[in-house]
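Asker: Chain by chain, the residues run as shown.
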Amino acid sequence: MLFNSFIYLLFFPIVCLLYWLFPKQYRNALLLLASYYFYMNWNPLYGLLILFSTIVTWLCALFLNQKEKREKKKIILFCALILNLGILVLFKYADFITLNINDLFQTFHIKWEVPFLDLLLPVGISFYTFQAIGYTIDVYKGTISAEKNFITYALFISFFPQLVAGPIERAKNLLPQFHRTHHFDTANFVQGARLILWGYFMKIVVSDRLAIYVNFAYGNISYHNTITLIVATIFFAFQIYCDFGGYSNIAIGCAKIMGFDLMANFKRPYLSTSAIEFWRRWHISLSTWFRDYVYIPLGGNRCSKGRNYLNIFITFTISGLWHGANWTFIVWGALNGIFQIIEKFTAGFRKKWADFFCLSKIPIVVYGFNVLFTFTIITITWVFFRAGSMNIALQIFDKLLNVHRGPLFTLPLQALLYGSCFTLVLIVSDFLQERNGDKHFFLENKSALVRYVTYLSLVIIILLFGVFDSSRFIYFQF
Amino acid sequence: MKVKTLILKFFGFLIFLFILDFGIGKILNYYYFKQKYGEYAVLTKTIENPTNQRIEILIMGSSRARRHYHPGIISATLGKSCYNAGYDAQSILFHKALLDIIEEKYKPEIIVLDVNMNELDNEEISYDQLSVLLPYASRYPKLWNTLLLKSPFERIKAISRIYPYNSLLDKIVKGNIIYQESDINGFMPFYGMYGNDLVERTFPEIDLDPNKVSAFNAFLAICREKNIQLYIVYSPEYVKSLNTSSSMNYIIETCQKQGIEYISYQNNESYLKNELFREYLHLNNVGAEKFSLEIASKIKEKMNEE
Numbered sequence: 001m002l003f004n005s006f007i008y009l010l011f012f013p014i015v016c017l018l019y020w021l022f023p024k025q026y027r028n029a030l031l032l033l034a035s036y037y038f039y040m041n042w043n044p045l046y047g048l049l050i051l052f053s054t055i056v057t058w059l060c061a062l063f064l065n066q067k068e069k070r071e072k073k074k075i076i077l078f079c080a081l082i083l084n085l086g087i088l089v090l091f092k093y094a095d096f097i098t099l100n101i102n103d104l105f106q107t108f109h110i111k112w113e114v115p116f117l118d119l120l121l122p123v124g125i126s127f128y129t130f131q132a133i134g135y136t137i138d139v140y141k142g143t144i145s146a147e148k149n150f151i152t153y154a155l156f157i158s159f160f161p162q163l164v165a166g167p168i169e170r171a172k173n174l175l176p177q178f179h180r181t182h183h184f185d186t187a188n189f190v191q192g193a194r195l196i197l198w199g200y201f202m203k204i205v206v207s208d209r210l211a212i213y214v215n216f217a218y219g220n221i222s223y224h225n226t227i228t229l230i231v232a233t234i235f236f237a238f239q240i241y242c243d244f245g246g247y248s249n250i251a252i253g254c255a256k257i258m259g260f261d262l263m264a265n266f267k268r269p270y271l272s273t274s275a276i277e278f279w280r281r282w283h284i285s286l287s288t289w290f291r292d293y294v295y296i297p298l299g300g301n302r303c304s305k306g307r308n309y310l311n312i313f314i315t316f317t318i319s320g321l322w323h324g325a326n327w328t329f330i331v332w333g334a335l336n337g338i339f340q341i342i343e344k345f346t347a348g349f350r351k352k353w354a355d356f357f358c359l360s361k362i363p364i365v366v367y368g369f370n371v372l373f374t375f376t377i378i379t380i381t382w383v384f385f386r387a388g389s390m391n392i393a394l395q396i397f398d399k400l401l402n403v404h405r406g407p408l409f410t411l412p413l414q415a416l417l418y419g420s421c422f423t424l425v426l427i428v429s430d431f432l433q434e435r436n437g438d439k440h441f442f443l444e445n446k447s448a449l450v451r452y453v454t455y456l457s458l459v460i461i462i463l464l465f466g467v468f469d470s471s472r473f474i475y476f477q478f
Numbered sequence: 001m002k003v004k005t006l007i008l009k010f011f012g013f014l015i016f017l018f019i020l021d022f023g024i025g026k027i028l029n030y031y032y033f034k035q036k037y038g039e040y041a042v043l044t045k046t047i048e049n050p051t052n053q054r055i056e057i058l059i060m061g062s063s064r065a066r067r068h069y070h071p072g073i074i075s076a077t078l079g080k081s082c083y084n085a086g087y088d089a090q091s092i093l094f095h096k097a098l099l100d101i102i103e104e105k106y107k108p109e110i111i112v113l114d115v116n117m118n119e120l121d122n123e124e125i126s127y128d129q130l131s132v133l134l135p136y137a138s139r140y141p142k143l144w145n146t147l148l149l150k151s152p153f154e155r156i157k158a159i160s161r162i163y164p165y166n167s168l169l170d171k172i173v174k175g176n177i178i179y180q181e182s183d184i185n186g187f188m189p190f191y192g193m194y195g196n197d198l199v200e201r202t203f204p205e206i207d208l209d210p211n212k213v214s215a216f217n218a219f220l221a222i223c224r225e226k227n228i229q230l231y232i233v234y235s236p237e238y239v240k241s242l243n244t245s246s247s248m249n250y251i252i253e254t255c256q257k258q259g260i261e262y263i264s265y266q267n268n269e270s271y272l273k274n275e276l277f278r279e280y281l282h283l284n285n286v287g288a289e290k291f292s293l294e295i296a297s298k299i300k301e302k303m304n305e306e
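One line per chain: the protein sequences are A and B, in this order.
Everything in the first sequence is counted per the working numbering, starting at 1 for the first residue and increasing by one.
Everything in the second sequence is counted per the working numbering, starting at 1 for the first residue and increasing by one.
So that you can see chain B by itself, here it is in the shape it has in the complex (with noise of 0.2 Å):
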């Protein structure tokens, strides 16, 4: 083969998958804001607020934000309208974008932030994860703040149409073709039991990450700014923690400072029971909602005291 014919054939196999990749793209982003089932319609729905439902409580936090508080029994507690904003494997990261272009659209009064013994730790998965914002930069161009933290070329790779959508085509389908258990306001409790027993563990002292440390002061900042009672909650565990982790001790200790209210459920007794956890860090549906009753009513005390 000749080296022109190469470079003729090596260019028209370029230009066949830009137009491929540009196809598959817009399909894909047809589809993928067309969902109506699953994690990403409760993503969209968080961000866009198609309905502008009145949201009143917000949760926020990871997969144990999701999975331990049912909206339906806070609000019935609180008697105000909640959603579940909380999302898998996500950290304060995600949250502060989130928070960043939610509060140009709606204004909850109240944010429950569920926080992890790891939550400002340094690692890599926070930031591989920021990837599910992909689809929502070209809308809100504000969220390239938090995606180049995942990496300097992320907008280059970007100009792929599929890229954003990677790993995105079993949850694209199944939101939108296939009923699956739907959500309740964004809640999406476990089912089944733990079977393994109850184990210890410690945290060693760690340098904290400063860009999720800085994350979780402009939420802060954020939530004093546009005057939203803030909750920062560590939701219960079937784990017996020996010791607490310098994230958590970072958490606490600006909480302590900056007045703003911390309820723990570490090693609390009346959780480490296994027929209340799906596996040791997620309740299940029962454990789930005895907790989003306990936490209401903690809530509804403190509201009260003030």
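Extracted from the complex, chain A is given alone in its bound form (with noise of 0.2 Å):
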């Protein structure tokens, strides 16, 4: 079930319903069925294989609190990593694996091929096996202590409004709130349902419009000149913001009206000064997971300069490979931490130059060209990230590097004039937003006349310039 389908908009309201009808001790219940409908919606299959990873990490998470000996729960922990990290191989690597050996097999000429599986990707299993995976590795660590009713325990990882493409959420953060007993709160339904409808605009009206340009050209590179290549390459870079982070914001509305904290997902990532700083913004639930089980056990900052320098470029790499089964994202991450190793390395230099220039006396010069820098060189990633295969990302290069002449690709030519008039309306609202302490300038205005003008206008632009069709959330795949 995605969330800008129309059975969701009878489901969430129900279900919301519902929820708040019943009484506090079947609460849990109710929501855990919900969420296995939710999610069994998309196949019946799929909550047999979120079922099995719940039950293994549950299991292990309570055998872990038994043991004293670290040994002991060295082999639990191993186990429940091997369960969980051998569910994502399977049905998400194997057949990256698999075509990768027999391209090797080729290249020394051995006549052996490796079959492929075939096996179809079940929506969102990168998320909750992470999730389940932070929650094991907390239990080991002593962070927390072991959820003992399976209930909550099998809530915390399928809870429908982050299942599928997060928030991944922290077991310390998350689990406690199972246990509270919600009372109805105006203020949350107010804050939720602003988010929603944000979100919804985010995704709906920018990112599904952007995505009709962008898959006209990243569809056909080789009829596309250049011009159209960097207009598609800018608009996946909104288009991919506005989907995940609007599914993002409609994610932690849903769980706002029925009293659930989850973690903010997006800062207006975009208006960064740095790579480094892009990353604090951007899915931020991602790279704090990656930041928490993989950085700083690798060693983190507390080590040599060369040897931190690694860590960065190991944890993104990985992090790239996470996204998808595919060289692209493996390039993609790679270059994430290349950027920011660099950015590390000459910060000195970089300090001392602008020392010398005297650039801190001209602060919005410099902020701005920081922005648009940063944004030029995430926008550069984001080539790998779309194409389809490492073949079809050097094509793109070669278009934009070699000047390809013509004119600009103008047939789908709502897409250019509404995505850019949206994009740019996203724009200055993260702007404004930024400039007013992290407080939506119109949603969340101190005029009630702002405030209720923007909720109609942004109900009325949904229905005059979204995009009602089948359009998926690009974050599922993972």
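Think of the hints as simulated: they come from the structure by calculation, not from any bench.
Honestly, I wouldn't trust all of these hints.
Only pairs whose alpha carbons sit at most 25 Å apart, straight line, appear in this in silico DMTMM-like list of lysine to aspartate or glutamate [said to hold, decoys possible]: (1) 2/B to 434/A; (2) 240/B to 225/B; (3) 34/B to 88/B; (4) 240/B to 269/B; (5) 26/B to 469/A; (6) 4/B to 469/A; (7) 257/B to 207/B; (8) 9/B to 444/A; (9) 305/A to 292/A; (10) 240/B to 398/A; (11) 4/B to 444/A; (12) 141/A to 95/A; (13) 2/B to 398/A; (14) 399/A to 275/B; (15) 105/B to 48/B; (16) 399/A to 197/B; (17) 399/A to 269/B; (18) 141/A to 185/A; (19) 80/B to 269/B; (20) 80/B to 128/B; (21) 157/B to 68/A; (22) 4/B to 261/A; (23) 142/B to 469/A; (24) 171/B to 469/A; (25) 9/B to 185/A; (26) 2/B to 261/A.
Stretch by stretch, here's where chain A covers chain B in the computed footprint (C-beta under 8 Å, at least three residues) [to be verified]: (27) 29 to 35; (28) 103 to 116; (29) 122 to 132; (30) 249 to 255; (31) 259 to 273.
Each residue gets a CB set at the ideal place from its N, CA and C atoms; glycine is no exception.
From the two separate chains plus the hints, produce the assembled complex.
Answerer: Printed below as a string of structure tokens:
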């Protein structure tokens, strides 16, 4: 079930209403049932997979709690990781590994071909397995104690607002909320509804509109010229932000209405002044997951500079692989790591340079330049993210670097027109929110008139300019 | 804020929204059907034929139909009135729905259906594109049969008066107040020349969309039943196709079985010239004129043979 499907617009209010009407002791069970229904709506078999992951991590965590000896705990943790990562590898990476082995055999003229499994990738598998892994590691470390109630734990793994595309929640934040008794809170309702409304605007009006142009251009690279591909790549940068940021807003908003606080996932990432800052604002739940469970265990920055750079590189390359079983994602992740290493490496030099040219006297210019520069390098990496293969990515770079002249492709004129207009609205809104102490300038305005006009305008804009077709959320595939 | 106040405010908001939706929807409806120029004006003319214009030859198909067939040239060659009802990005689902309501209003003698390589492929976009029929659904309830293929909730969505005009605002404004390049009996040529090199393509064998196959067969059945002479045409493109798609194989086979004229310009050497194209799938005005003359002559030959 997609958040932007009509059926979800029926599903969520019904679940919400039942949630508040049900006796408190049955609410978690209701949410669990609703979550499994939500997930199994894609494919009933997916339910078995998430149930398996849930049972394995729940039992492992209980064993971890009982055991005192470190060696035994390590074995249990190892089993939990192997089983969870095993599911992920089997469904997500098996065919990618097979493809590369076969390519390697072919290179060495070995006439043997490993057969492909051709398994369908279950929606959101990377999200819930990472949430389960995070929980197990936390129990192993003693940060939290194991959850004894299976229903509560199963709900933690499958809570429908964040099940298929995050935010990847930490047990420390979300699990205690399932033990609390929630009372209907009007402030939460208003805040949640605002987030949902803004999320739908981002997804249906901006992202899906831009997607039309991007799909046209990236779907037929050989037919398009340099200017079209530049516009399409910039559009994709906003498309993916609004797609995933919009999804996150809807998820957080839905949870909020039911009284749950999920972590923020995006904080106006394209206003970042460096790649390092970008990753503090983009997909925050994943970045912090990798920080806590990969980067810090590798040594983080409490080591030599060289080792620190290697840790960054490894973390971001793995993060790339997490996004998809393709070399394009690995390169995308590695590039993001490299940009951060370069930024760290040149920090001293850049400071001296800024002092020498007295750049501190013109902060707005420096800010503007840094934002644009960061946006440019991040957008360049999106080419790898969007291209279906390394060959396509290289074809695009060839067209971008060796200018192919010609007019801008304007056949999807509405995508260009509406897409540009509403992207501009988004940029202005993000900019104002940045200046407004993280409060949405229009939706959280002090003036009730401004707020109500904004609510009405957003609904009318969605009805008038939204894309009401079968578009998918990009991050579901991960 | 108290729960009661929230509920009151929420329902107040919904009532206000309903009124606004109704008002804006009414305005959009009025101006939609008042359009003089543009694709929706052409679609309304095709469906409603308000001036009771005599249409003897009707061109149907996607954007390739709209941009490739010049009714003036076809009329002059065949001595029959011609109207181009091609519509961008539409598939056989749309053409069949259109024919369903057209045949109740007027009966063309000849229909030229322009098909493309993906005509019967299972593509979500074909269903999404059916939304252009939404403004007409309240006038022609028969259209719901096709619109419900898009989504079973389409009728519920259409409770919103704005929804049928989703994504149409700029076009409605243009169609009413801004003089734009007018159509020539539905024909809207492209101008400019394609700058890229000729590329090759192949089509994998795929399963066809059963809804589209059934719409295609129903289209042929209506023509047969109403005694409309049908020509199925594959118009030129600036691509070297190394094989024929599953869709086209089915269409060709069906035409052969049912004795329907099929005229193909796939890989036609005389059209593999970029100066005739705006981009690889669409002829420009020069190409369209050359093609219209040729196709009209071919139809004339076939008619004379009969």
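Asker: Run every hint past the structure and note whether it holds.
Answerer: Hints and how they fare:
1. For the suggested pair residue 2/B and residue 434/A, the alpha carbons sit about 31 Å apart, so the restraint of at most 25 Å is broken.
2. For a cut-off of 25 Å, the pair hint linking residue 240/B to residue 225/B is broken: about 37 Å separates their Cα positions.
3. With a C-alpha separation of about 21 Å, the suggested pair residue 34/B and residue 88/B falls inside the 25 Å cut-off, and the hint holds.
4. Restraint check for residue 240/B and residue 269/B: satisfied, since their Cα atoms lie roughly 10 Å apart, inside the 25 Å limit.
5. Of the pairs offered as hints, the one joining residue 26/B and residue 469/A holds, with about 23 Å between alpha carbons and a cut-off of 25 Å not exceeded.
6. Proposed proximity of residue 4/B and residue 469/A is contradicted: the alpha carbons are some 36 Å apart, above 25 Å.
7. Of the pairs offered as hints, the one joining residue 257/B and residue 207/B holds, with about 20 Å between alpha carbons and a cut-off of 25 Å not exceeded.
8. Under the criterion of a C-alpha separation no larger than 25 Å, the hint pairing residue 9/B with residue 444/A is consistent with the structure, at around 16 Å.
9. Note on residue 305/A and residue 292/A: the hinted pairing holds, with a Cα-Cα distance of about 19 Å set against a maximum of 25 Å.
10. Between residue 240/B and residue 398/A the alpha-carbon distance is near 23 Å, which keeps this suggested pair within the 25 Å criterion.
11. Simply put, residue 4/B and residue 444/A have alpha-carbon atoms about 21 Å apart, close enough for the 25 Å limit, and the pair holds.
12. Simply put, residue 141/A and residue 95/A have alpha-carbon atoms about 34 Å apart, too far for the 25 Å limit, and the pair is violated.
13. The hinted pair formed by residue 2/B and residue 398/A fails the criterion: a straight-line CA distance of about 61 Å is larger than 25 Å.
14. For the given pair, residue 399/A sits about 22 Å from residue 275/B by alpha-carbon distance, which is consistent with the 25 Å threshold.
15. Distance check on the hinted pair: residue 105/B and residue 48/B sit about 7 Å apart at the alpha-carbon level, within 25 Å; holds.
16. With a C-alpha separation of about 14 Å, the suggested pairing of residue 399/A with residue 197/B holds against the 25 Å cut-off.
17. For a cut-off of 25 Å, the pair hint linking residue 399/A to residue 269/B is broken: about 28 Å separates their Cα positions.
18. With a CA separation close to 35 Å, the supplied pair residue 141/A and residue 185/A exceeds the 25 Å bound.
19. For the proposed pair residue 80/B and residue 269/B, the alpha carbon gap of about 29 Å is over 25 Å, so the pair is violated.
20. A threshold of 25 Å between alpha carbons decides the hint, and for residue 80/B with residue 128/B the separation of about 35 Å lies outside it, so the pair is violated.
21. Of the pairs offered as hints, the one joining residue 157/B and residue 68/A is violated, with about 59 Å between alpha carbons and a cut-off of 25 Å exceeded.
22. For a cut-off of 25 Å, the pair hint linking residue 4/B to residue 261/A stands: about 24 Å separates their Cα positions.
23. Restraint check: the Cα-Cα separation between residue 142/B and residue 469/A comes to about 22 Å, which is no more than 25 Å; the hinted pair holds.
24. Pair hint residue 171/B plus residue 469/A holds up; C-alpha atoms about 19 Å apart against a cutoff of 25 Å.
25. Simply put, residue 9/B and residue 185/A have alpha-carbon atoms about 15 Å apart, close enough for the 25 Å limit, and the pair holds.
26. A distance of roughly 21 Å separates the Cα atoms of residue 2/B and residue 261/A; the hinted pair therefore holds under the 25 Å criterion.
27. Check on the region 29 to 35 of chain B: 0 of its residues sit with their Cβ under 8 Å from a Cβ of chain A, so the three-residue criterion for coverage is violated.
28. Given as covered by chain A, the region 103 to 116 of chain B fails the check, having 0 residues with a CB less than 8 Å from a CB of that chain where 3 are the minimum.
29. Here the region 122 to 132 of chain B counts 5 residues with a CB under 8 Å from a CB of chain A, which clears the bar of 3, and the coverage holds.
30. Using a Cβ-Cβ cut-off of 8 Å, 0 residues of the region 249 to 255 of chain B lie near chain A, which falls short of the minimum of three, so the contact claim is violated.
31. Coverage of the region 259 to 273 of chain B by chain A is violated [criterion: at least 3 residues with CB-CB distance below 8 Å; count 0].
Checked against the numbered hints above, the structure violates hints 1, 2, 6, 12, 13, 17, 18, 19, 20, 21, 27, 28, 30, 31; every other hint is satisfied.
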